[in-house]
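Visitor: One-letter residues, chain by chain:
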Amino acid sequence: MSGGAFRLSELALRIGGRIEGGPDCAIRGVATLRAAGPEDLSFLTNPKYREDARASGAAAIVVAPGNEIEGRTLVVVRHPYAALADLLALFHPETPEYEGIDPRAAVDPSARIGAGVAVAPFAVVGARAVLADRVSVGPGAVVGRDCEIGEDTVLRARVVLYPRTRVGARCLVHSGAVLGADGFGFASVGGIHRKIPQVGRVVVGDDVEIGANCAVDRGAIEDTVVGTGTKIDDLVMIGHGVRVGAHSLLVAQSGIAGSTVLGERVTLAGQSGIAGHLRIGDGCTIASKSAVFEDLPAGAVVSGVPAHDHRAWRRVVAVQKRLPELRAELARLGRRLEALERRLGVELPPEE
Amino acid sequence: MSGGAFRLSELALRIGGRIEGGPDCAIRGVATLRAAGPEDLSFLTNPKYREDARASGAAAIVVAPGNEIEGRTLVVVRHPYAALADLLALFHPETPEYEGIDPRAAVDPSARIGAGVAVAPFAVVGARAVLADRVSVGPGAVVGRDCEIGEDTVLRARVVLYPRTRVGARCLVHSGAVLGADGFGFASVGGIHRKIPQVGRVVVGDDVEIGANCAVDRGAIEDTVVGTGTKIDDLVMIGHGVRVGAHSLLVAQSGIAGSTVLGERVTLAGQSGIAGHLRIGDGCTIASKSAVFEDLPAGAVVSGVPAHDHRAWRRVVAVQKRLPELRAELARLGRRLEALERRLGVELPPEE
Amino acid sequence: MSGGAFRLSELALRIGGRIEGGPDCAIRGVATLRAAGPEDLSFLTNPKYREDARASGAAAIVVAPGNEIEGRTLVVVRHPYAALADLLALFHPETPEYEGIDPRAAVDPSARIGAGVAVAPFAVVGARAVLADRVSVGPGAVVGRDCEIGEDTVLRARVVLYPRTRVGARCLVHSGAVLGADGFGFASVGGIHRKIPQVGRVVVGDDVEIGANCAVDRGAIEDTVVGTGTKIDDLVMIGHGVRVGAHSLLVAQSGIAGSTVLGERVTLAGQSGIAGHLRIGDGCTIASKSAVFEDLPAGAVVSGVPAHDHRAWRRVVAVQKRLPELRAELARLGRRLEALERRLGVELPPEE
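Residue numbers (my numbering), protein chains in the order written: chain P, -18 to 333; chain B, -18 to 333; chain G, -18 to 333.
Same shape as in the complex, but just chain P (with noise of 0.2 Å):
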């Protein structure tokens, strides 16, 4: 990876862990346990991996506290995980991609630019947009006409703000993602559906990440949110007028209907969905697959179609494999009762 080197120590220091079972020496990048070399540093942040934490050519290891890999040369921390932002950050700086305004990009006259923006080739700014200073504008992307964007955010290439889009600061939206886009909304009469027009707009919060080809609808008449720190997998569809939580987390190809409010911190995992005009409250988790039906009270943790508590579904899903041998020892019960029954002289019922 990169050339730079580091001692072990050093590094340690950085991430505020400690060095166990090893001696210091000198790290040269980071990698996975299975591509680790003799100068790399490692990560255990998943015990489904203590197998080839052992078999690892890791220098070393950073592991949270009660991790112990014989023989091997750790580095304790609490949190290895942020410790891996920290240390790629350190091995890998990012450079920025474009830098100044292209000669060849369209920015209308009338938009707002601030200092250090980077407006790459082929790229649009439409009337009255404001980019605050060190906003970056990847090539092909499209910021239309009346949009505002906060310092530091990064669209990449072919990223298309509708009009009247508001993005926070700091924030990272990848290509392919669309923001205010028109919401589904139709008036349906006699079988004909009459376009509302959607007047509302998207306003994204700072500090959030939005996945490629996602699709964030406008509102009809209010605005759809997404609250600040709250990041978003790709091709994640989110409704007109929806409210997403500040610090909440929706994986790929998750769903939420129109009208949709969810408290900060909440989870939609892969493939996940929420039905309309609900209410999800806060630090609510959606499993993958699911598709919630009504409203959720804070903290809730649910699975399935309709999606009802995680652990009661576990147990449903258990039985629910077993359901032919239930079916044939019901039908043995019968049998075996109906027996007893004419032995006994009882009438029997009716056949069904």
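Honestly, the hints are just simulated from the structure, not real lab data.
Treat the hints with care, since some could be wrong.
[To be verified] Pair by pair, the computed Cβ-Cβ distance ranges are: (1) P:ASP89 - B:ARG260: 38 to 44 Å; (2) P:ASP89 - B:HIS258: 47 to 53 Å; (3) G:ALA312 - B:GLU275: 27 to 33 Å; (4) B:PRO28 - P:ASP89: 41 to 47 Å; (5) G:PRO84 - P:GLY81: 18 to 24 Å; (6) G:ARG109 - B:GLU275: 52 to 58 Å.
[What the hints assert, rightly or not] Taking beta-carbon pairs under 10 Å as the criterion, some of the chain P residues facing chain G (in silico): (7) GLY97; (8) ALA101; (9) ALA138.
[Stated by the list, open to error] EDC-like cross-link-like pairs, simulated, lysine to aspartate or glutamate; straight-line CA separation at most 20 Å: (10) P:LYS176 - B:ASP133; (11) B:LYS302 - P:GLU306; (12) B:LYS302 - P:ASP276; (13) P:LYS176 - B:ASP187; (14) B:LYS176 - G:ASP276; (15) B:LYS29 - P:GLU75; (16) P:LYS176 - B:GLU319; (17) P:LYS29 - G:ASP276; (18) P:LYS29 - G:GLU245; (19) G:LYS29 - B:GLU275; (20) P:LYS302 - P:ASP290; (21) G:LYS176 - P:GLU78; (22) P:LYS302 - G:GLU275; (23) B:LYS29 - P:GLU275; (24) B:LYS176 - G:GLU245; (25) G:LYS176 - P:ASP276; (26) P:LYS29 - G:GLU275; (27) B:LYS29 - P:GLU203; (28) P:LYS302 - G:GLU306; (29) G:LYS29 - B:GLU203; (30) G:LYS302 - B:ASP187.
Only a predicted model underlies this, so the values are computations on that prediction, with no experimental measurement involved.
Positions of the beta carbon are idealized from the N, C-alpha and C atoms, including for glycine.
Model the placement of chains B and G on the given structure of chain P, informed by the hints.
Guide: Coordinates of chains B and G only, in the frame set by chain P:
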């Protein structure tokens, strides 16, 4: 919102409603029940929000007949949601985002361009493409060679039409939608997947809306067809050779596999899917998260995986949640039966 | 379709088939069974369409051995679907959409451009990118810095390759696909999600097809890999660090969460998903709409959420539909048993 003001009586007249329970007044905008202030008109279109209607600060509320909200000025109209379409159009008149052929667009000289057509910066219009009057092609959109687009159709930023795609009049295609990419057709012989050239087209009727980041694939030999008046939400996938009937609604993240034929007025709810080579009758409704694996007669309403009658599915789901209790009850009956059998000296069945 | 004509006997020879049941004749095109006219060749590749074959107006029908269709001219060939590939290529020879480096493209001077490369208007090719011979970059496509693309690979309009992405030879990437966006990796400490820099790459083998609006994320530390010959439909999501084996098929809207490793020839049907950190053996098939939550041995065929053996799942589903009847039967047995117990003076169990 907008600065213009109207008399409530004038608005009531325009939407064919009558004022009840309060005086005429000035209206400056349209807002949700919760956000509306003393110069806003609001709407009750979902009974779920009755309480919000009672507490709303709106000057007046548009409702369907039979809704009484004590102490509130109402405008009673047969189809409040359709009235909303009229009123939003009134308060938020649309102005075209782009006008004329931008010199930074790449329009092939052989393309036929109607009157009043707009082509935005960095859009591409291929050889022999036909753009009828008042078509608008957004920034970065790509209209392949030999495409035909009907009058007043709007392609938003970064739409892609592959060569030979046809789109009717008055359509609206949102950013990132791709019409005409190759269908997923491979002849797999000996574990190698050989591409079947996809030489059909995508043909879209009039008055169709297609959401952000949708994918509608071209047919293998035959065309993929989307019927007039059909509305498609974001991230929907339509496979090669599919025919979607007129006036259907395909909600976000739903998908239809190749060669399936849908009748008119079919509704696919969010995240639902239909397998390939099926026939779905007119007016069917596929519940969200469901998957259809067999033909459906007209008017069917289905849920589940595999999808079956929706009411039957609801009954099944209700029992399913209680499966662990049913299993326990079955075990109890077994023990009681065995006790009786022992008491009566019945020879017990062999253990299985 | 095309204007050229061939003798049926010549076509039969080319696809290694023999004519049965009818005379030689002139063929001007290939069409579906329903659309074919008296100068068209058609195909029976799915037994579902036998009736259409009987009623078809086609001059002749290509079939696999063992299919007899009375009164029709047949061309019998071992793999009709593969023959279709040959014939469509013959009747619809592909012509490149773009040629040469368009002056309106933005190609970095440090990029290495092979012979016969096409770069369409408004495409961007970044610093040090390597485009092998005959690569085609569609309009508005973005090839990030340090990308490498193998010979004859085609990127359609608006494809995005993030920096350092590698794509093999003879690949076809459809519009809107995004390769190399950041994986979804956050260290969540105290409810705040801190980004883990994603410094791995996307590495795609040869002969891969990637559908419209797909998202293939770059790895966190390791690479995300798509094996040679694998075909990916539209709107598919591949998480960071996933390895997809060779010759696999990923159908539309399926998704694979981070770090999961798939063997060769795996099929993910439409809208299916696989959780993260799993190992899926060679030749596995995941049914549509299913979700895999555990490792699968080679050759497994699974369905359901959570996915398990497909045949077992079918049996479960059959019983499941009858759950309300089973519950009623269980209640009936309970009542009959209780009647017997009363009759025999058994002390009844306490109510629960």
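Visitor: Each hint should be assessed against the structure and marked as holding or not.
Guide: Comparing the hints with the structure gives:
no., hint, result
1, P:ASP89 - B:ARG260: 38 to 44 Å, "50 Å, violated"
2, P:ASP89 - B:HIS258: 47 to 53 Å, "50 Å, holds"
3, G:ALA312 - B:GLU275: 27 to 33 Å, "31 Å, holds"
4, B:PRO28 - P:ASP89: 41 to 47 Å, "45 Å, holds"
5, G:PRO84 - P:GLY81: 18 to 24 Å, "22 Å, holds"
6, G:ARG109 - B:GLU275: 52 to 58 Å, "54 Å, holds"
7, GLY97, "20 Å, violated"
8, ALA101, "7 Å, holds"
9, ALA138, "4 Å, holds"
10, P:LYS176 - B:ASP133, "15 Å, holds"
11, B:LYS302 - P:GLU306, "18 Å, holds"
12, B:LYS302 - P:ASP276, "18 Å, holds"
13, P:LYS176 - B:ASP187, "14 Å, holds"
14, B:LYS176 - G:ASP276, "30 Å, violated"
15, B:LYS29 - P:GLU75, "49 Å, violated"
16, P:LYS176 - B:GLU319, "66 Å, violated"
17, P:LYS29 - G:ASP276, "12 Å, holds"
18, P:LYS29 - G:GLU245, "23 Å, violated"
19, G:LYS29 - B:GLU275, "12 Å, holds"
20, P:LYS302 - P:ASP290, "18 Å, holds"
21, G:LYS176 - P:GLU78, "19 Å, holds"
22, P:LYS302 - G:GLU275, "15 Å, holds"
23, B:LYS29 - P:GLU275, "12 Å, holds"
24, B:LYS176 - G:GLU245, "18 Å, holds"
25, G:LYS176 - P:ASP276, "30 Å, violated"
26, P:LYS29 - G:GLU275, "12 Å, holds"
27, B:LYS29 - P:GLU203, "17 Å, holds"
28, P:LYS302 - G:GLU306, "18 Å, holds"
29, G:LYS29 - B:GLU203, "17 Å, holds"
30, G:LYS302 - B:ASP187, "41 Å, violated"
Going through the hint list in order, the structure does not satisfy hints 1, 7, 14, 15, 16, 18, 25, 30.
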